[in-house]
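Asker: Listed here are the chains, written in short residue letters.
Protein chains: 2
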Amino acid sequence: MPLRVYLAGPEVFFPNAVAQGAEKKRLCAEYGFEGVYPLDNAIADAGALSPIALARAISHGNEELMRSCDLIVANCTPFRSVSMDAGTAFEIGFLRALGRPCFAYSNVALDYAARVRAVPEPAQSVWDHETRRADIEDFGLAENLMIAVAVLDAGGHFVVRDAPPDQILSDLAAFRDCLALAQRTLAA
Amino acid sequence: MPLRVYLAGPEVFFPNAVAQGAEKKRLCAEYGFEGVYPLDNAIADAGALSPIALARAISHGNEELMRSCDLIVANCTPFRSVSMDAGTAFEIGFLRALGRPCFAYSNVALDYAARVRAVPEPAQSVWDHETRRADIEDFGLAENLMIAVAVLDAGGHFVVRDAPPDQILSDLAAFRDCLALAQRTLAA
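Residue numbers (this note's numbering), protein chains in the order written: chain A, 11 to 198; chain B, 11 to 198.
Derived by calculation from the structure, the hints in this document are not laboratory data. A couple of the hints might just be wrong.
[As the list claims (entries may be wrong)] Each pair of labels, with its calculated beta carbon distance range:
1) B:A119 x A:G150: 13 to 23 Å
2) A:A124 x B:V129: 18 to 28 Å
3) B:V129 x A:P12: 23 to 33 Å
4) B:D148 x A:P130: 37 to 47 Å
5) A:A197 x B:L108: 42 to 52 Å
6) B:D187 x A:P25: 32 to 42 Å
7) B:Q193 x A:A190: 13 to 23 Å
8) B:E40 x A:A190: 34 to 44 Å
[Claimed, not checked] Some chain A residues flagged as far from chain B (calculated, every beta-carbon gap over 12 Å):
9) D50
10) A54
11) D55
12) G57
13) R77
14) D95
15) L108
16) Q134
17) L162
18) G165
19) P175
20) A197
[What the hints assert, rightly or not] A few chain A positions that, by computed beta-carbon distances, are all more than 12 Å from chain B:
21) E21
22) K35
23) G42
24) I68
25) P88
26) V118
27) A144
28) D148
29) M156
30) R186
31) R194
Backbone N, C-alpha and C fix where the C-beta goes; we use that ideal spot for every residue, glycine too.
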């Protein structure tokens with residue numbers, strides 16, 4: 011039985027979310043894994059559900075999928091922010107608490123502190139007064155240290171690479187690197 | 011023995027981080043809880059450690075504190091973003107996977123989709139091409155559904171309130187609401 015990889019990331023919000031998931035699963039198979047994608051959950055009668063009932067059904071389905079997986083590979087590329095998608099961060103925490111290996115990648119190679127400092131003034135000006143005065147965590151890590159260290163300590167790797175500007179979220183070179191590293195680490 | 015509350019949120023980055031934690035702990039005691047703050051971990055010889063060794067020590071200490079806590083109360087107010095601090099999202103996922111009650115608050119009452127749509131064009135213009143084309147999750151929830159539903163399903167509440175503009179991150183009225191709800195729920 012191939013190990014099951016939970017495919018976390020903001021691609022579920024892409025206009026071509028299903029195709030992107032299929033491509034990630036295809037790559038998983040190439041490396042001997044079974045890819046498990048949040049949209050694999052078919053929600054019965056989704057159209058008949060209230061928004062909160064639908065949100066609950068999606069969340070429950072994803073938590074069940076996460077518990078069924080042996081490891082996670084998470085797309086931590088910045089999303090609407092200097093930081094990764096919050097839902098993906100939640101999912102890394104979830105798998106980390108369960109003791110499963112965590113692999114992560116970002117298609118922006120600049121580290122967290124450098125990304126914050128690179129936000130231009132017009133964009134920073136919408137941050138509230140206290141956010142603007144907050145310390146910028148600077149450990150040379152790709153993300154908040156709780157996430158970056160969890161990935162390293164959970165037996166994984168945090169791969170960073172600069173993707174082409176029009177494929178910042180969807181480029182899969184770093185994802186492929188994660189699979190190769192997972193294959194090497196977990197086979198050993 | 012009072013129940014131990016893990017105090018998650020971006021206040022660890024405040025210039026007055028220690029004082030803010032002390033005030034949160036004081037409020038916890040008022041509601042019969044013991045507040046546990048990430049900065050409670052004294053790192054021996056922090057100045058002598060490399061950045062990555064220090065990051066590891068902080069992460070390990072916080073994971074140990076989380077495992078020692080009975081519930082979490084998380085500050086999910088947007089931080090440098092339309093979304094909450096990624097480290098805090100990780101911590102909610104961690105406690106959720108362990109089956110502990112999760113309470114959360116945001117000092118911005120607008121829901122996630124409304125916040126994204128309210129980002130002015132100069133700030134949106136720094137988002138990459140694919141982020142700009144991504145669907146905006148719209149379930150009327152305060153955060154990404156994995157987080158918002160986890161809080162509700164873990165026996166908690168997600169409190170939202172608008173704080174004064176100069177205390178968007180630090181105002182504690184919604185935090186106090188969480189403690190009152192936790193007291194009522196967990197005593198029952």
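Asker: Next step is simple, just say for each hint if it's right about the structure.
Answerer: For each hint, the structure was consulted:
A hinted range of 13 to 23 Å for the beta carbons of A119 (chain B) and G150 (chain A) is inconsistent with their spacing of about 36 Å. Checked against the hint of 18 to 28 Å, the pair A124 (chain A) and V129 (chain B) passes, with Cβ atoms roughly 22 Å apart. Taking 23 to 33 Å as the suggested C-beta distance range, the pair V129 (chain B) and P12 (chain A) does not conform, at roughly 41 Å. One distance hint, 37 to 47 Å for the beta-carbon pair D148 (chain B) and P130 (chain A), is violated here, with the actual separation near 28 Å.
Checked against the hint of 42 to 52 Å, the C-beta distance between A197 (chain A) and L108 (chain B) comes to roughly 29 Å, which is inconsistent with it. D187 (chain B) and P25 (chain A) have their C-beta atoms about 38 Å apart, which keeps the hinted 32 to 42 Å range intact. In this structure the hint that Q193 (chain B) and A190 (chain A) lie 13 to 23 Å apart at CB is violated, the actual value being about 50 Å. The beta-carbon spacing between E40 (chain B) and A190 (chain A), approximately 53 Å, falls outside the hinted interval of 34 to 44 Å.
The Cβ of D50 (chain A) sits about 15 Å from the closest Cβ of chain B, beyond the 12 Å cut-off, so the non-interface label holds. Every CB of chain B is more than 12 Å from the CB of A54 (chain A) (nearest about 18 Å), matching its label as outside the interface. Its beta-carbon lying about 16 Å from the closest one in chain B, D55 (chain A) satisfies the requirement of being farther than 12 Å from that chain. The claim that G57 (chain A) lies off the interface holds: its Cβ sits roughly 14 Å from the closest Cβ of chain B, which is beyond the 12 Å cut-off.
A beta-carbon of chain B is positioned within 12 Å of the beta-carbon of R77 (chain A); the least distance is around 8 Å. At roughly 7 Å from the closest C-beta of chain B, the C-beta of D95 (chain A) falls inside 12 Å, breaking its exclusion from the interface. The claim that L108 (chain A) is not at the interface with chain B is violated, since a C-beta of that chain comes within 12 Å of its own (minimum 5 Å). In this structure Q134 (chain A) is not separated from chain B by more than 12 Å, as the shortest Cβ-Cβ distance comes to only about 8 Å.
Not every Cβ of chain B is farther than 12 Å from the Cβ of L162 (chain A); the closest lies at roughly 8 Å, contradicting the non-interface assignment. At roughly 14 Å from the closest C-beta of chain B, the C-beta of G165 (chain A) stays outside 12 Å, upholding its exclusion from the interface. For P175 (chain A), the non-interface assignment is contradicted: its Cβ lies about 7 Å from the closest Cβ of chain B, within the 12 Å cut-off. With a cut of 12 Å on Cβ distances, A197 (chain A) stays outside the contact zone with chain B, its closest approach being about 26 Å.
Chain B draws E21 (chain A) into its interface by the beta-carbon criterion, the shortest separation being 9 Å against a cut-off of 12 Å. Residue placement check: K35 (chain A) keeps its beta carbon more than 12 Å from all beta carbons of chain B (closest about 20 Å). The Cβ of G42 (chain A) lies farther than 12 Å from every Cβ of chain B, with a closest approach of about 26 Å, so its non-interface assignment holds. A cut-off of 12 Å between C-beta atoms contradicts the statement that I68 (chain A) is not in contact with chain B; the least separation is 6 Å.
At roughly 8 Å, the least C-beta separation between P88 (chain A) and chain B is not larger than 12 Å, which violates its mark as non-interface. A beta-carbon of chain B is positioned within 12 Å of the beta-carbon of V118 (chain A); the least distance is around 9 Å. Its closest Cβ contact with chain B, about 4 Å, brings A144 (chain A) to no more than 12 Å, contrary to its assignment away from the interface. A beta-carbon of chain B is positioned within 12 Å of the beta-carbon of D148 (chain A); the least distance is around 8 Å.
Distance check for M156 (chain A) against chain B: the nearest CB is about 4 Å away, which does not clear 12 Å, and the non-interface claim fails. Residue placement check: R186 (chain A) keeps its beta carbon more than 12 Å from all beta carbons of chain B (closest about 18 Å). For R194 (chain A), the condition that its CB be more than 12 Å from all CB atoms of chain B holds, with the nearest at approximately 22 Å.
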